[in-house]
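Engineer: Mind assembling these two chains? They're in different frames, but the hints should get you there.
Quick note, the sequences are listed as chains W and E, same order.
Throughout, our numbering is defined as the position within the first sequence, counted from one, plus 1.
Throughout, our numbering is defined as the position within the second sequence, counted from one, plus 12.
One thing to keep in mind: the hints can contain errors.
Here are the simulated lysine-lysine pairs, DSS-like style, with alpha carbons at most 27 angstroms apart [unchecked claim]:
1. E:K439 x E:K460
2. E:K547 x E:K483
3. E:K287 x W:K132
4. E:K463 x E:K432
5. W:K52 x E:K460
6. E:K197 x W:K52
7. W:K106 x E:K197
8. E:K319 x W:K52
9. W:K106 x E:K152
10. E:K483 x E:K518
11. W:K114 x E:K152
12. W:K52 x E:K287
13. E:K275 x E:K166
14. W:K114 x E:K432
15. E:K529 x E:K542
16. E:K463 x E:K529
17. E:K453 x E:K409
18. E:K529 x E:K518
19. E:K139 x W:K52
20. E:K166 x W:K132
21. E:K287 x E:K166
22. E:K547 x E:K529
23. E:K287 x W:K129
24. W:K129 x E:K152
25. W:K52 x E:K152
26. W:K132 x E:K197
27. E:K439 x W:K129
28. E:K139 x W:K106
29. E:K516 x E:K483
Worth flagging that the hints you see were computed from the coordinates, not collected in a lab.
Given next are the chains, with one letter for each unit.
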Amino acid sequence: MAALLHHLPYQSMLTTSLRISVAGIPTKRAAMSTCMASKVEPPNIAHLCEKARLSLTPQEVEEFEPQIGRIVDWFAQLQEIDVADVAPAIHVGDVNGINTLRSDKPNVFPNRKAMMGAVPELEGSFIKVPKILKENQE
Amino acid sequence: MQTVMMCQALESPNPHPCNLLTCALYCDLSSASHSLFLKESQSSSSVVADNGLEYEAVIGIETHVQLGTATKAFCSCPSQYGAEPNAHVCPVCMGLPGALPVLNDKVVEYGVKLALALHSEIALTSKFDRKQYFYPDLPKGYQISQYDVPIASKGFIDVDLPVEFGGGHRCFGITRVHMEEDAGKLVHAGGERLSGSSSSQVDLNRAGVPLLEVVSEPEMRTGLEAAEYAAELQRLVRYLGISNGNMQEGSMRCDVNVSVRPKGRPQFGTKVEIKNMNSFSAMQRAIDFEIDRQVTLENEGLGHQIKQETRLWEEGSQRTISMRSKEGLADYRYFPEPDLPEVTLTQDYVDATQAMLPELPNAKRRRYESLGLSMQDVLVLANDSDVAAFFDEVIGKGTDVKQAANWIMGDLSAWLKNEKLAITETKLTPAALAELIDLIKDGTISGKIGKEILPELLQNGVSAREAIEAKGLSQISDAAVIESMVDAIIAENPKQVAAYRGGKTKLQGFFVGQVMKVSGGRVNPALLNKILLSKLNC
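Bound-form chain E, shown alone (with noise of 0.2 angstroms):
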């Protein structure tokens, strides 16, 4: 453990799992980095009402991640989406009499992979438990899960704020991490309203789908914090392999509880829940205008307007109405699932499973930040591991780290994105890209001609040798040649010249642009700049 300096974080009454850990890890961090890590900050962000009270909000999520395994959590179904409807079941999913469950060994996998990912206690013996309610998306009448004894618990994960909202570490605890089962999917024909068509239709391709749950402390305090959790979520889970979580499509669900107190309380306000939300910016304007709901009734005394309900977010006239009131807590007579014996995972699995974790997107953070990148350029390589995993690449050729950061998030970005591909769908190795920044850095090629030819080292996999060797196109840098060049531009701009030589100086940028016309901007610029200047200025 490092002890580099005094931490503020662990000087705090009540050390935060988050402070000690990160703290013997990150001891090298200036002391105000440090400070971002004591909890009594990451609450810093009140909302001023109109009078100036201050009113803090209290945020908590619960994320639901469908895994992308083969086949359902307790069948063989193959688990596709997009598949024609009710194409993928059998008796299991579809909760016929007499059909028994038997749990998927990859779900197990995946879920002590999170589990680890986000620093929790693993239960190295967990159970399910059946969740009991009618709906007709749920064909056995109840939901398998986990309720008393989830594979996880206790963990934290830690969040970079993105530098154009400010910036900042955060660090949120976990409160569980659970297995359980999907359910189907309720087509309302004839919209929401009641009155139109008196039925629904079911598709049961989805009824037992795998799903994590994951539960977070009420640790957030505005919109941002919550859509960045959210997002370092999904990082996670895309790094771990274990689903594309994707909110669009439905692979990654957040449910958002929403309460305000006055700064200082120490009880909670009424929670609010928030469904409805498809995207991370959906989430943060969501939270957001809760929180201004809520602390408006507050401040006008109107707190007891605030009913304990779920609110759905409506993108298109952005606030949340009320749906319907959470009559207290549900009852889902939860008992032990019966049909499924007791889930057992040994010290060594867990260990060797910790061992296969890939580095995890805050460790590569840390240590893209080590290497002297902008907080800025971490973010954006960081953020994609395939992106990460080919810039590491490419560094470990011996590039220097900041070319080889602007190359790939630069021009290299700017072309997948124009042609709609991945960083893996080019047919650019690191290697070439190493090869083309190094040739670029010795002077054989400028950097406006390393431009030129990275299309063709995208879109043919040639080398930069062999591109440049294709179109004639190394840099000139031979000084009699360049000479020669120049000495005929001259001759033929008698005008410009003796505008120049009269006073004219901006004229050299004339005289730069013919040479490189006529040499197919092949000329070393700086020499090209010492040669012209030396010869106009005799």
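Bound conformation, chain W alone (with noise of 0.2 angstroms):
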């Protein structure tokens, strides 16, 4: 949700004017009436959970579902606004005029033996790791 917030330029924001319970979940009848703009497809929480490695009992896939179809939804309503005339802008937060790169200059961070240390199994100085064959797993 966090990368879809980034998406809006944020004049857009302000103009959305859904009322909104206080958990922040979007109250039934509004979410309703949103459902005939152009349809922002829910995703498939099976396979989500599968690709961010997450496991649900079958109970809270059914709670969830329509929870994450309604904030979908309500999100959707973004689809109605018209950007034709609008740049797509590539990124929001870009620093006008600050530079925000680092010049390539090395720096060996000082605490390095507290990020091994905190590392659960270690075979001599290597991470050991369960063994994966197949690579690039989604």
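Structural biologist: Below is the structure:
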């Protein structure tokens, strides 16, 4: 969701006038009214869980699916905005005039010991991990 | 723009960007070379199956170039090869919570340099994205890469095929160039078998090292073209000084996609990815094997057995073997990297970088060709930018081009190879070599003596003149002196003289040898022969 927020030009965020319940989840009534807008497909929960390595019980899937659907619908209101004359913002948050690059000078991190100390299992100076032969597991 | 002659390349219906640009630059070339620029002729290499049907291979290459920067892409950890495992790590490259990436300005500089060298369009604004997947060598669970707005696109690369394989010029399109970070190194204890150890080891020194990914258009048609494309890319990154492009070390990695189709059919065949090639020759052999495998299957009506998959090149058995099936396209759930601002370049920055580029390999080859050198010589001299620079300095002193080329490619190269040194590591200066060549030219010493004293120049950095004086090796060209030597030899060898005058003219060589022995090889050979013949034949 955070990523989606970064896509929104700041002004248009202010024009949304949906009443949101205290918990932050849009009310069912409000969500229904936007269903007619150009539909953004909600994610396939099972597929998403597999990709993100999350395990949900079938009960949780049943519970979360409609809630996620409503959140997607709430964001889908953005589809109604006519952006034909708006240049795509590649990334909101570009810092005007301030150099955001780092010079190529080495700097050894001072507390390597603490980081390596936090590694669950070491084998010599290697990090020990379970053997997974399949490359690029998504 | 030169319009010396009507160029066939421009007349073709879809002029390739290479054709237009290179045509403007090289219109002086013969029409034979010109026809090679035609895209059509580039795909003239087809594979003929046993039943006579012609197939065409379609090859595309994805290359990852590890940049030789001092630090990693997004943190200040030293980027060094061969250090103790996990010595160069920090919260950013280890993917620890709260750490934020900051882009290394050298990565941008190197990216722009390569993009310009590949004649591509530079995106003045580009962004980073997260490529998400899980694997033990990927600490963050995603790789910071560039997905839909890369730093460069739509370029091309000029390649000259080696003379011993038929020669020829090729121009291959480059789809895109983008910046990304490398993953760590995964070591499987107990080999790749499922039995054996159940654990692996991870070294994160490499995690976060900057990479440039170069994707080619699928325009190569043979293993040779693919290998030469890769070699030229290596030459380019070395010329630019952005990477050592070493395939064996892993600082340049090529993944190849191969498919075949009956000649003339527009649709592509099933694409197969090949990995694990550690050298250009391995690439060539792997691709040729794979083309053969696919054509054989297609031709036997078993084309459906060609699966879209990744195959590994097995160097031992010289074949590709199936690794696993590529189940459709991967879903990396790309989204823009929220922790990094867009990469903004000014046109001034790009122009300034362009002005700083060295003479690139292709331009150098064309210049050497115009000096009158053979293609064979051109390819050798222009291969290494240090050798080319040395050569340029020598001829810059007015030395004969062919002589300079021969000395550098012959004796100098042999000595360097023997001593395992680079041309920049010897004490011989271009000026010294120029002097040596000139001294031979004006007759002060013979070519043979020149070869003898060269090691001295290489090892001790003395000048040719110093070496000649020290050893008293200057060529004897005084006719009177030579005459007296010849007279002495003739007096000492009456039998051979009689034999020669009796018809055994081959004995001339014997007399030459004797004079050379006595004089320590210093007599001017041409003069010697003249004087000798006149004395023997009187």
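Engineer: Next step is simple, just say for each hint if it's right about the structure.
Structural biologist: Against the structure, the hints:
1. Between E:K439 and E:K460, the direct Cα distance comes to roughly 21 angstroms. Compliance with the 27 angstroms bound is thereby established for this hinted pair.
2. Proposed proximity of E:K547 and E:K483 is contradicted: the alpha carbons are some 30 angstroms apart, above 27 angstroms.
3. The hinted pair formed by E:K287 and W:K132 meets the criterion: a straight-line CA distance of about 21 angstroms does not exceed 27 angstroms.
4. A hinted pair counts as satisfied when its Cα atoms are at most 27 angstroms apart, and E:K463 with E:K432 qualifies at roughly 19 angstroms.
5. A distance of roughly 72 angstroms separates the Cα atoms of W:K52 and E:K460; the hinted pair therefore is violated under the 27 angstroms criterion.
6. Straight-line distance between C-alpha atoms of E:K197 and W:K52 comes to about 23 angstroms, which keeps the hinted pair within the 27 angstroms bound.
7. Restraint check for W:K106 and E:K197: satisfied, since their Cα atoms lie roughly 23 angstroms apart, inside the 27 angstroms limit.
8. For a cut-off of 27 angstroms, the pair hint linking E:K319 to W:K52 stands: about 24 angstroms separates their Cα positions.
9. The hinted pair formed by W:K106 and E:K152 meets the criterion: a straight-line CA distance of about 23 angstroms does not exceed 27 angstroms.
10. Taken as a hint, the E:K483 and E:K518 pair is broken in the structure, with Cα atoms around 32 angstroms apart against an allowance of 27 angstroms.
11. Straight-line distance between C-alpha atoms of W:K114 and E:K152 comes to about 20 angstroms, which keeps the hinted pair within the 27 angstroms bound.
12. For a cut-off of 27 angstroms, the pair hint linking W:K52 to E:K287 stands: about 25 angstroms separates their Cα positions.
13. About 26 angstroms separates the Cα atoms of E:K275 and E:K166, which keeps this hinted pair within 27 angstroms; it holds.
14. Straight-line distance between C-alpha atoms of W:K114 and E:K432 comes to about 41 angstroms, which puts the hinted pair past the 27 angstroms bound.
15. Proximity of E:K529 to E:K542 is assessed by CA-CA distance (about 18 angstroms); at most 27 angstroms being required, the pair is judged to hold.
16. Between the alpha carbons of E:K463 and E:K529 the distance comes to roughly 17 angstroms, so the proposed pair stays at or under 27 angstroms and holds.
17. Only pairs whose Cα atoms come within 27 angstroms are accepted, and E:K453 paired with E:K409 is accepted, the gap being roughly 14 angstroms.
18. With a C-alpha separation of about 18 angstroms, the suggested pair E:K529 and E:K518 falls inside the 27 angstroms cut-off, and the hint holds.
19. Taken as a hint, the E:K139 and W:K52 pair is honoured in the structure, with Cα atoms around 24 angstroms apart against an allowance of 27 angstroms.
20. Distance restraint check for E:K166 and W:K132: the Cα-Cα separation of roughly 40 angstroms exceeds the 27 angstroms cut-off, and the hinted pair is therefore not satisfied.
21. A hinted pair counts as satisfied when its Cα atoms are at most 27 angstroms apart, and E:K287 with E:K166 qualifies at roughly 25 angstroms.
22. This hinted pair checks out: E:K547 and E:K529 have alpha carbons roughly 19 angstroms apart, not beyond 27 angstroms.
23. A hinted pair counts as satisfied when its Cα atoms are at most 27 angstroms apart, and E:K287 with W:K129 qualifies at roughly 26 angstroms.
24. The straight-line distance between the Cα atoms of W:K129 and E:K152 is roughly 17 angstroms, inside the 27 angstroms bound, and the hint therefore holds.
25. The suggested pairing of W:K52 with E:K152 holds, with an alpha-carbon distance near 14 angstroms, which does not exceed 27 angstroms.
26. Between the alpha carbons of W:K132 and E:K197 the distance comes to roughly 13 angstroms, so the proposed pair stays at or under 27 angstroms and holds.
27. For the proposed pair E:K439 and W:K129, the alpha carbon gap of about 49 angstroms is over 27 angstroms, so the pair is violated.
28. Only pairs whose Cα atoms come within 27 angstroms are accepted, and E:K139 paired with W:K106 is accepted, the gap being roughly 23 angstroms.
29. The hinted pair formed by E:K516 and E:K483 fails the criterion: a straight-line CA distance of about 36 angstroms is larger than 27 angstroms.
Going through the hint list in order, the structure does not satisfy hints 2, 5, 10, 14, 20, 27 and 29.
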